[in-house]
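Take any residue in the sequence shown, count from 1 to its spot, add 3: that is its number in the working numbering.
Hints listed in this document are in silico derivations from the structure and should not be mistaken for laboratory results.
There could be a bad hint or two in this list.
Said to hold, decoys possible - Cβ pair distances, simulated, as ranges: (1) PRO37 with PRO139: 25 to 31 angstroms; (2) LEU17 with ALA147: 40 to 46 angstroms; (3) TRP114 with GLU59: 33 to 39 angstroms; (4) GLU59 with ALA156: 33 to 39 angstroms; (5) HIS172 with ALA130: 18 to 24 angstroms; (6) LEU138 with ALA100: 46 to 52 angstroms; (7) TRP114 with LEU136: 28 to 34 angstroms; (8) THR6 with PRO139: 28 to 34 angstroms.
Just so you know, even glycine gets a beta-carbon here, dropped at the ideal spot from N, CA and C.
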Amino acid sequence: MTTPLTVEQLKPRLGQLTLIDVRSPGEYAAGHIPGALNIPLDRLDGALPALRDAAEQHELAVVCAAGPRAEQACRRLADAGIPTLTLSGGTNAWSGAGQALDQAPGARRAWAMDRQVRLVAGSLVLAGLLLDLVLPGARRFSAAVGAGLAFSALTNTCALGTMLARLPHNRPRTGGPTLDDTLAALGR
4 MTTPLTVEQL KPRLGQLTLI DVRSPGEYAA GHIPGALNIP LDRLDGALPA
54 LRDAAEQHEL AVVCAAGPRA EQACRRLADA GIPTLTLSGG TNAWSGAGQA
104 LDQAPGARRA WAMDRQVRLV AGSLVLAGLL LDLVLPGARR FSAAVGAGLA
154 FSALTNTCAL GTMLARLPHN RPRTGGPTLD DTLAALGR
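Can you build the whole structure from these sequences, using the hints too?
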């Protein structure tokens, strides 16, 4: 079961719960809610035992940039029998309400994952259409990208976002916390 919270509801509870940020390490390093621990969505399953233990100590809250990845993480945690809270609107809502974000030293501002997905998907569609001018039938590639985007919206998953999250520019450049550091912190 997942309970949504507003920024006003989350703020006074930060010290009383374990906040998990499921964005990529690069997004996390560029700015995260104070006290949040980073467990990227693609690494969540490996962290389930530690999260189950942490949930026995404190309530768990899950956050991403805007909400979809947190919702996906909450569903996976619920399937594992771990109750969660989530911040409606994610980190964007937190900073939009004037709340401060912590940033890793030397971190640069990474584009939000949805913005990266839009850039890559749009570029692929445009490339397919332009390539069709010299290679008839190449527009099918654009149709396949469109179908992938529709599937992504219908299932609330994003294979392209998962792939982009693994690229070097979405990883922190300097000594941000590793997943092992995060799992150790969960054992507080």
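Do the hints match the structure? See the list:
1. For the pair PRO37 and PRO139, the beta carbons lie near 55 angstroms from each other, so the given range of 25 to 31 angstroms is not met.
2. Roughly 44 angstroms separates the CB atoms of LEU17 and ALA147, a value that falls within the hinted 40 to 46 angstroms.
3. At about 37 angstroms, the CB distance of TRP114 to GLU59 agrees with the hint of 33 to 39 angstroms.
4. Taking the beta carbon of each, GLU59 and ALA156 are about 36 angstroms apart, inside 33 to 39 angstroms as hinted.
5. For HIS172 and ALA130, the Cβ-Cβ distance of about 20 angstroms falls inside the hinted range of 18 to 24 angstroms, so the restraint holds.
6. Remark: the range hint 46 to 52 angstroms for LEU138 to ALA100 is upheld by a beta-carbon distance near 50 angstroms.
7. Restraint check, TRP114 to LEU136: a C-beta distance of roughly 30 angstroms satisfies the suggested window 28 to 34 angstroms.
8. For the pair THR6 and PRO139, the beta carbons lie near 54 angstroms from each other, so the given range of 28 to 34 angstroms is not met.
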